[in-house]
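The residues making up each chain are set out below.
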Amino acid sequence: MSVLNSLKKLVPLGVALLLSACGANSVVVEGSYPSPNVRPIPLTLGVFFDADLQNFSYTEYTETGKEEYVVASGQTHMQLFNSVLPSMFANVVVLDSLEAAPGAQVDAVFAPSIEEFQLALPQKTRLDAYEVWVKYNMRLLAPDGTYIADWVVTSYGKTPTESLRSIESGINDATVGALRDLASNFTLTFRSVPEVSEWLVAKGAGN
Amino acid sequence: MMSESLARIITTSTDLFRQCCLPLLLLTLSLFLSACTTTTVDEFRQGETGIEAHQSIVILGRRQGSTYETREEFVNCVGERVARGTEAIRVIPEKEFIDSLFPWFEPRTAPLRTSDLQVLMEEPLVAQKITEYGIRYIVWVDGQTETSNRMGSISCAVGPGGGGCFGFGSWEDDSNFDARVWDVSSFASVGTISTDSTGQSYVPAVVVPIPLIARVEANACSSLATQLQQFVNGG
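These protein sequences, in sequence, are chains A and B.
Numbered by my numbering, the letters in the first sequence go through residues 1 to 207 in order.
Numbered by my numbering, the letters in the second sequence go through residues 1 to 235 in order.
This list has only true hints and no planted wrong ones.
Partial chain B-side listing against chain A, Cβ under 8 angstroms, derived: (1) 71; (2) 125; (3) 129.
Residues from chain A that keep clear of chain B, each with C-beta distances beyond 12 angstroms, as calculated: (4) 23; (5) 55; (6) 59; (7) 61; (8) 78; (9) 99; (10) 111; (11) 116; (12) 143; (13) 149; (14) 197.
Treat the hints as calculated values from the structure; they're not laboratory data.
Predicted model only: the values in this text are computed from it and were never measured.
Glycine included, each C-beta is placed from N, C-alpha and C at the ideal position.
Start from the sequences, fold in the hints, and give me the full structure.
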């Protein structure tokens, strides 16, 4: 009887293991991002991360259309912006909603979003590298919600294949590379976006 | 009776060969073959060099190429070797330097020419960090190891009585690396050291595969580091 009970307990475990073997591999991207060495703009910036960004994940499919890898990078994107923006602005306020901006005493609200995410795996490209491309839509809004600037930033990251590196680790490192590329590109080109430049001049922070 | 004795002698000889001579033979073969690496180092000097005890260097990998990128492990290997020995030089670790000067030395933003470095040093935060580290030279390492001429095949099988492999495989590795040395005090390139290391690796498999690997990249690292140490010290 006790053997039967033990078997009964093992059946759900076996079924779970069998099902998990059929599902996609999940990669939750983790990385650390340094703070940029740039002159901060003497303004207060509100930041709003919408639910799409916070929960962003990309699914890579096999050639037969089955889910192969699910790459969750929403949290690491927030971590990146939380590391970069406080070095770029004198004050940064994270907002729960765009409606909270007028009462938060901010000069503008920054709302990034991911438009496209592409992953290239070595087993498909026949190259010795994992590659990640990401296309972002950066929006800078006035506290009342009107547009100040709206521009596109692309980033790219790659990491070479190595004999003892897992596919998950390769995807993680290539994504972190792409995020670092985003941070460097965004930090150094922010002031040169024409609409942003005009806004900075209007706010007396053009230099 | 005679044939039984002969068979016993042959079996004993085979066992003796397996126990004693075969490992010895393979060891000798491995020592001989693993040494099959040729390394050439070239130095091109464009200016005087020298470094004081309080100064340091940083060795960075070039990662702008679309087809390859200089491996972090190779850059770290050169750095560790330059920081060793009687002529040791203080080397700032690559990752620490790049993170500390973020975002100025990322693949997209790193200076490609000495004139770019001069412009970069006009950024007060960059100049301050480089002064804090006491960096006199920035060394840009660029290159890769390529594998070619793969030949042979090895087949392995497992059965109830045991398993084993049989076959032979070989390939050639070629490591090509350049180290360009920039003098931070004069914003000038003071020289380039190039290393080219080639070697053939073999994997014979008689029951057990025995990898006889040519340490091509390790030799390239060692040669480049020794020459770089002498170059920076002004030798």
